Amino acid sequence: MASLSSIENPAVGIVANPASGRDVRRLVAKASVFHTTEKCNMVQRALTAMASCGVRSAVMTRDLGGIAAGVVRAMEAHRSQTPNPWPRVLFLDLPIEDSAQDSVRAVEHMLELGVAVVVVLGGDGTHRVIASRCGSVPLVALSTGTNNAFPEIREATIAGLAAGLVAVGAVPRELATVRNKLLRVRMNDEMRDLALVDVCASNDAWTGARALWRAEDLTELFVTTAKADAIGLSAIAGLTAPVERETPRGVRLRLCPAGQGVMTVRAPIAPGLIARVGIAEVSPIYPGKECALCSDRGVLALDGEREIEFGPDDRLSVSLELDGPVTVDIASVMKLAAQRGLFAEAAAAPAPALARSWSREGEGAIAAKPANTSN
Amino acid sequence: MARTITFQQAISEALSQEMARDPSVIVMGEDNVGGMGADGEKDAWGGVLGVTKGLYPKYGERVMDTPISESAFIGAAIGAATAGMRPVAELMFIDFMGVCFDQIFNQAAKFRYMFGGKAETPVVIRTMVGAGFRAAAQHSQMLYSIFTHIPGLKVVIPATPYDAKGLMIQSIRDNDPVIFCEHKMLYTVQGEVPEEIYTIPFGEANVVRDGKHVTLVTLGRMVHVALEAASNLAKNNIQCEVIDLRTTSPMDEDTVLESVGKTGRLVVVDEANPRCNIATDVSAIVAEKAFGALKAPIAMVTAPHTPVPFSPDLEDLYIPNAAKIEAAVMKVSGYKG
Amino acid sequence: MAATLSREDLLRAYRMMKTIREFEERVHTEFATGEIPGFVHLYAGEEASATGICLHLNDNDKIASTHRGHGHCIAKGVDVYGMMAEIYGRATGTCRGKGGSMHIADLDMGMMGANGIVGGGPPLICGAGLAAKFKKNKGVAIAFVGDGGSNQGTTLESLNLATVWNLPCIFVMENNGYAESTASKWSVACKDIVERAHGFGMPGVMVDGHDFFAVYEAAGEAITRARQGGGPTLIECKLNRYFGHFEGDAQTYRGPDEVKKLRETKDCIKSFARRVTSAGMLSQAEMDAIDKTVLANIDDAVAKAKAAPKPSAKDLLTDVYTSY
Chain U
1 MASLSSIENP AVGIVANPAS GRDVRRLVAK ASVFHTTEKC NMVQRALTAM ASCGVRSAVM
61 TRDLGGIAAG VVRAMEAHRS QTPNPWPRVL FLDLPIEDSA QDSVRAVEHM LELGVAVVVV
121 LGGDGTHRVI ASRCGSVPLV ALSTGTNNAF PEIREATIAG LAAGLVAVGA VPRELATVRN
181 KLLRVRMNDE MRDLALVDVC ASNDAWTGAR ALWRAEDLTE LFVTTAKADA IGLSAIAGLT
241 APVERETPRG VRLRLCPAGQ GVMTVRAPIA PGLIARVGIA EVSPIYPGKE CALCSDRGVL
301 ALDGEREIEF GPDDRLSVSL ELDGPVTVDI ASVMKLAAQR GLFAEAAAAP APALARSWSR
361 EGEGAIAAKP ANTSN
Chain G
1 MARTITFQQA ISEALSQEMA RDPSVIVMGE DNVGGMGADG EKDAWGGVLG VTKGLYPKYG
61 ERVMDTPISE SAFIGAAIGA ATAGMRPVAE LMFIDFMGVC FDQIFNQAAK FRYMFGGKAE
121 TPVVIRTMVG AGFRAAAQHS QMLYSIFTHI PGLKVVIPAT PYDAKGLMIQ SIRDNDPVIF
181 CEHKMLYTVQ GEVPEEIYTI PFGEANVVRD GKHVTLVTLG RMVHVALEAA SNLAKNNIQC
241 EVIDLRTTSP MDEDTVLESV GKTGRLVVVD EANPRCNIAT DVSAIVAEKA FGALKAPIAM
301 VTAPHTPVPF SPDLEDLYIP NAAKIEAAVM KVSGYKG
Chain A
1 MAATLSREDL LRAYRMMKTI REFEERVHTE FATGEIPGFV HLYAGEEASA TGICLHLNDN
61 DKIASTHRGH GHCIAKGVDV YGMMAEIYGR ATGTCRGKGG SMHIADLDMG MMGANGIVGG
121 GPPLICGAGL AAKFKKNKGV AIAFVGDGGS NQGTTLESLN LATVWNLPCI FVMENNGYAE
181 STASKWSVAC KDIVERAHGF GMPGVMVDGH DFFAVYEAAG EAITRARQGG GPTLIECKLN
241 RYFGHFEGDA QTYRGPDEVK KLRETKDCIK SFARRVTSAG MLSQAEMDAI DKTVLANIDD
301 AVAKAKAAPK PSAKDLLTDV YTSY
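Protein chains in written order, with this note's numbering: chain U, 1 to 375; chain G, 1 to 337; chain A, 1 to 324.
Check the hints yourself; a few may be wrong.
[What the hints assert, rightly or not] Straight-line alpha carbon distances no greater than 16 Å define the calculated EDC-like cross-link-like pairs of lysine to aspartate or glutamate that follow: (1) A:LYS261 - U:GLU97; (2) G:LYS53 - G:ASP43; (3) A:LYS191 - U:GLU38; (4) G:LYS262 - G:ASP281; (5) U:LYS227 - U:GLU152; (6) A:LYS304 - A:GLU30; (7) A:LYS191 - U:GLU97; (8) G:LYS118 - A:ASP319; (9) U:LYS227 - U:GLU246; (10) G:LYS118 - A:ASP315; (11) A:LYS135 - A:ASP59; (12) A:LYS191 - U:ASP98; (13) A:LYS133 - G:ASP43; (14) A:LYS135 - G:GLU61; (15) A:LYS266 - U:ASP98; (16) A:LYS304 - A:ASP79; (17) G:LYS235 - G:ASP210; (18) G:LYS118 - A:ASP108; (19) A:LYS135 - G:ASP22; (20) A:LYS185 - U:GLU97; (21) U:LYS289 - U:ASP189; (22) A:LYS266 - U:GLU97; (23) G:LYS53 - G:ASP65; (24) G:LYS262 - G:ASP210; (25) A:LYS185 - U:ASP98; (26) A:LYS136 - G:GLU61.
[What the hints assert, rightly or not] Just a few of them, taken from the derived set where beta-carbon distance is under 8 Å, the chain G residues facing chain A: (27) PRO67; (28) PHE73; (29) GLY75; (30) GLY79; (31) ASP102; (32) TYR113; (33) ALA119; (34) ASN175.
[Stated by the list, open to error] Now the in silico label distances, taken between C-beta atoms and shown as ranges: (35) U:CYS294 - A:SER6: 45 to 51 Å; (36) A:ASP79 - G:HIS149: 33 to 39 Å; (37) G:GLY84 - A:ALA189: 34 to 40 Å; (38) A:GLY280 - U:GLU321: 29 to 35 Å; (39) A:ASN58 - G:GLY261: 55 to 61 Å; (40) A:SER6 - U:PRO248: 43 to 49 Å.
No lab work stands behind these hints: they were computed from the structure. Predicted model, so just to flag it, every value in this text is computed and none were measured. The C-beta atom is built at its ideal place from N, Cα and C for all residues, glycine as well.
Next up, chain U with everything else stripped away, as it sits in the complex:
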């Protein structure tokens, strides 16, 4: 069991969900298939990248899908290499239930162990369950699910570099991270659940196969962030009333069958699925204000998965909050790192100064940085 004594800081946690990417969108839309082997490769790429930034330990989840097993095999191969290309990798000794609880428990333990960053490989669902437990520890959110709304599709090596830079404190937290919005769902006066991107009510009676793909059944949509280039339910808002990640408000849309309402939008609500959705009303939602649902029966989907069946006897409300999880802004981190020459090493002999006139940024100099700023 990874314990406080065996963790050498800086430490990064890695949660790799082997279960993502199995749902019905592979059948009703053209959602990607994400092989376990690729998830394992991503973890390995990230570990190498983190080590190169000076991360000393990595704490990983165990799983039955072969991800951890693949990492262990690679560790065997590294034994003979000097220097070892990876940080010290420790595995959490937790019971595996093969459910979302595995990820939740893992994150709680990683926080106890004092990891500086948690790298998450998963879909919207994985990130959603982790979000309520990760406190202020920055997440590197990597997409391995059904073409997601929240986590990024990002090359794992770069994600590992960014995670490493943040973990070792090479870039200031306030520049490297973003606090995300979220939506809280209350049911019958109790906090029921949360969503990171969208909450959507539909006419379905049952949670069924979870995903939502029948546009005519959707009745109401709340989004934290709606970008025009996003895939998923938030695209309904993204293409009509976009709202950026940094903007401290969200959007609420009352939906109706296509052709009715004030307008109809053709939106990519699932991979390869462009559906016509009617919009009856659009309004902004502000932090802290509880909005009651307009329909009195149906199912509520959180980040694209039907989760909560409700009827006329239930009271449901949704509110936008600004205290969501903190995520690492990988693009900004890498830009900062380049500007500060964090990856440049001093040359053995003085090198000719590289002209920066051709660079767009025009700040600082690439060459002639002393070695001790490299990490």
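With the hints as your guide, set chains G and A onto chain U.
Okay, now just chains G and A, sitting in the frame of chain U:
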């Protein structure tokens, strides 16, 4: 109206005529069309030795190539048969039965019985048998006795182009699973075959040569070799009665018993390996039911208890020839007790 | 609009699952008396899978099952009286006593048989799908396979063939965690059988096999796709069996209290009842009434089976061939 065509053409004609008559007849097998998915000629092969060539241009989607997945496509043919089609599936070489045998002997053969008489599985599995092609151990066997052993299967092995066409048409029309064995050395043999459609019933042996001295029971290619031996023996005034079994399940015991009743001497010729083959089967039936008629012990002429060798000289030693048959006939003829 | 489940559908689903459960529980107790010959393999715990799938089917559609076939038979409409008599080996059985538990079939209802050979079903289902294509009757063919059968060559070949020939076939992998006494965690190389779908060029969906609604919805999409000529799908239902591999299996390979916990926490019928009552769709009274008739039916079926005549000596030799 009869004309001379080859054994292979006779089978092809049977398939084509039945497909024209009955839309539920479909054909499938590896390379039965040939060229699927490739850029060149469609119907490039028409079966590895051309038996199904010409069917695809006529019947299109009813003639199907398969991946190399015997379990799957032989099983699919069987499943389609229970669902109302009349598939003719090719198990290219009987030697490949190992990779699909369950579907044949545990599924197709047993459905009718296990399901209380409600299933009908009208599938034909065409398969190549026999040595002489220098195709070596895994492409030259005569494994029909294994199928004969299984209740629920019917096993057919024609020796002539005429029988090939009639028995194939009968096989397609039969409502039980039929294993139709085509000896690869017979494909080019020519014979008189009527243009019109006709059938030959199962369980009827054919007396291809009358004789009063010795009964020669045989099947497949060995029918021709037995006739050659009989012709040689006739020069020494030994008259052999040559019986072509044509089907081993059901098998025509009566014709054999009647002949042995007449001659009192039996030689069984089977190209298969000696243990538990058709020769032992026929011998046991005759010993049990016509013991009193026998004037000499029964002789069997078979391949040795070895795999089929590759080298031509060795393969020629493996396959029973006329000389071996003649020696056996001489032995039973000369037996004095 | 989603294929919504009407009250009639929900009642039918409840009756189907309850019939399967009570049938299996009864066979379990009767088998213990020693009166039932041979072997039985019970489906109790897995009802939502057979029901969620078969509720979509008509008589044109065909299914093939495994040795654990009672649930699929009932879900496809095979008569419970005939099934019970068959299990007792009586002449009034669905197969006239000549098949037994592992070979119950009713081709008129599109039930191509329980199968004593692991992996025996998938190739036959490819054939049924092929026949449906030729007949142009929009029929689908569904193979139920266990986690053990998912490793068998016949299954893998059939997945490939179904894609290559674009067959209206659905392969339902019922992963109950054990192939006889061997855990599927150990014997299946990939974590989830659904991962294999990708390798065979067909979409794969994994659902909680205890959740009737999840199975029903995913199956509905797969069946619609197949009927429209969209080709095969693989559905993995993760579920649990309450009884052993066969009756008589002491199940020492399972953790202590494992089955007890499952009956308490993973009962697909109880959770179905909870959900439909809290949604106000069905009343507990209606379901209680169904329970009564189901139990009475099964009681009667057992009594009739025990009293039914055994096959006669001449039945030994009949129906080997249609004609010989």
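Discussion item. Output the indices of the hints that this structure fails to meet, ascending.
Written reply: Those not satisfied are hints 4, 13, 35.
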